[in-house]
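Undergrad: Let the hints inform the model, and build the full structure from the sequences given.
Numbered per numbering that gives the first Met the number 0, the sequence shown spans residues 0 to 103.
Among the clues, some could well be false.
[To be verified] DEER-style ranges, computed between Cβ atoms:
| # | residue 1 | residue 2 | range |
| --- | --- | --- | --- |
| 1 | 55 | 81 | 30 to 40 Å |
| 2 | 32 | 67 | 47 to 57 Å |
| 3 | 67 | 95 | 41 to 51 Å |
| 4 | 54 | 21 | 30 to 40 Å |
| 5 | 26 | 66 | 56 to 66 Å |
| 6 | 68 | 89 | 25 to 35 Å |
| 7 | 47 | 10 | 51 to 61 Å |
| 8 | 57 | 93 | 24 to 34 Å |
| 9 | 73 | 95 | 29 to 39 Å |
| 10 | 41 | 5 | 44 to 54 Å |
In case anyone wonders, no lab produced these hints; they're calculated from the structure.
Glycine is no exception: its CB is placed at the ideal position from the N, C-alpha and C atoms.
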Amino acid sequence: MKTNTGLIAGLVVSVLLAAVFAVLWYGAYEDNKLLTRKVNYLTQQLQGNLSLLQKTSQQLAETQRQLQDAQNQLEQTQKQLRDAQAQLSQARSSSRYLRPRRTS
Numbered sequence: 000m001k002t003n004t005g006l007i008a009g010l011v012v013s014v015l016l017a018a019v020f021a022v023l024w025y026g027a028y029e030d031n032k033l034l035t036r037k038v039n040y041l042t043q044q045l046q047g048n049l050s051l052l053q054k055t056s057q058q059l060a061e062t063q064r065q066l067q068d069a070q071n072q073l074e075q076t077q078k079q080l081r082d083a084q085a086q087l088s089q090a091r092s093s094s095r096y097l098r099p100r101r102t103s
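TA: Shown next as structure tokens:
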């Protein structure tokens, strides 16, 4: 009888261990599913953010190009203005010598 009791006790312990293992495995399986969903969701968010960042980067590059063009145009306009001012100054000084003086 002792052998049967020991055998039954061993069998009960084995079944309990198998049940505990099954519960732990199922819990880990469910946790893994949840974490996989979270990772997939975060991956999609990151991909969306990356796409938005790439578009923003392209817009920034275009804006920088336009700003550089505007700066170049401004520099050209300033040079033209300086040239025109120099010509005007030269024309004024030349016209002083060409004007007849009034005598009273």
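Undergrad: Each of the hints needs a verdict: does it hold here or not?
TA: Hint by hint, here is what the structure shows:
1. Taking the beta carbon of each, residue 55 and residue 81 are about 38 Å apart, inside 30 to 40 Å as hinted.
2. In this structure the supplied range 47 to 57 Å holds for residue 32 paired with residue 67, their Cβ-Cβ distance being about 52 Å.
3. Here the CB-CB span from residue 67 to residue 95 is close to 43 Å, well matched to the stated 41 to 51 Å.
4. Distance hint check for residue 54 and residue 21: the Cβ-Cβ separation is about 50 Å, which falls outside the suggested range of 30 to 40 Å.
5. For residue 26 paired with residue 66, a C-beta distance near 58 Å keeps the hint of 56 to 66 Å intact.
6. In this structure, residue 68 and residue 89 meet the distance hint of 25 to 35 Å, their C-beta atoms being roughly 32 Å apart.
7. A C-beta distance of roughly 55 Å is found between residue 47 and residue 10, which places it inside the suggested range of 51 to 61 Å.
8. In this structure the hint that residue 57 and residue 93 lie 24 to 34 Å apart at CB is violated, the actual value being about 54 Å.
9. Take residue 73 and residue 95: their Cβ atoms lie about 33 Å apart, and the range 29 to 39 Å holds.
10. At roughly 53 Å, the beta-carbon separation of residue 41 and residue 5 lies within the given 44 to 54 Å, and the hint holds.
Violated hints, in rising order: 4 and 8; the structure is consistent with all others.
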